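Asker: Generate the whole structure from the sequences, applying the supplied hints.
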Amino acid sequence: GIQVEQSPPDLILQEGANSTLRCNFSDSVNNLQWFHQNPWGQLINLFYIPSGTKQNGRLSATTVATERYSLLYISSSQTTDSGVYFCAVERYGDSWGKLQFGAGTQVVVTP
Amino acid sequence: DTAVSQTPKYLVTQMGNDKSIKCEQNLGHDTMYWYKQDSKKFLKIMFSYNNKELIINETVPNRFSPKSPDKAHLNLHINSLELGDSAVYFCASNPGWSSYEQYFGPGTRLTVT
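Residue numbers (the working numbering), protein chains in the order written: chain A, 14 to 124; chain B, 3 to 115.
Please keep in mind that the hints were generated in silico from the structure rather than gathered at the bench. A portion of the hints provided could be inaccurate.
[What the hints assert, rightly or not] When the alpha-carbon atoms are kept at most 20 Å apart in a straight line, the in silico SDA-like pairs for lysine to any residue are as follows:
1) LYS46(B) with TYR105(A)
2) LYS46(B) with SER20(A)
3) LYS43(B) with TYR105(B)
4) LYS46(B) with PRO124(A)
5) LYS67(A) with GLU103(B)
[As the list claims (entries may be wrong)] From the derived model, a few chain B residues whose C-beta atoms are all more than 10 Å from chain A:
6) SER7
7) LYS24
8) LEU29
9) THR33
10) ASN64
11) SER70
12) LYS73
13) ALA74
14) ASN77
15) SER82
16) GLY86
17) ASP87
18) ASN96
19) GLY109
20) ARG111
Note that the coordinates shown come from a computational prediction; the quantities given were computed from them, not determined experimentally. Backbone N, C-alpha and C fix where the C-beta goes; we use that ideal spot for every residue, glycine too.
Answerer: The following block contains the structure:
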């Protein structure tokens, strides 16, 4: 199956700092999503981004499909950004939205 | 209005019991999923249904049986619960198949004692 590696595994930020989370995948994909799991356990969609760049407020994401990686940028971090960030992909050739998740990046934003 | 809802939110039960988790989506989506998140927060797909038809069935013990009475509902029944079944179970949906965004429910935390 496809391998999905996220880095770093843990990240501690001071409020206001910027950060970049990375997701590497081992095969071509036709679906890539970033999720934020908040401290209450809810999985929140951040981006559906199989290729290209998107921005939503302080968050932006870039996927370079030909090089098999995606980046999530958090700017001016806030304590509400704390939680686990997951990258999930569907391998090209699979169908029906069979997402494979990375292990996540645990982010702690301190005041 | 909740897009993907699950009941119950918490479920505590003893080994050997049988339990069900229900999922409903009001997004008009055709495809629904069950995922399991273990104690290390690793998420893994279990099943998927498209318009009441089973389309993904990962390596899951036979004690787990999904049922989809209609395309808006996907339930998960678990027989003879074991300690290792303790996890958070998430339901998700997407509009069709493959390259669409998936939307997740709030999760059901199952604790087997």
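Asker: Any hints this thing doesn't respect? Which numbers, in order?
Answerer: 4, 9, 18, 19, 20
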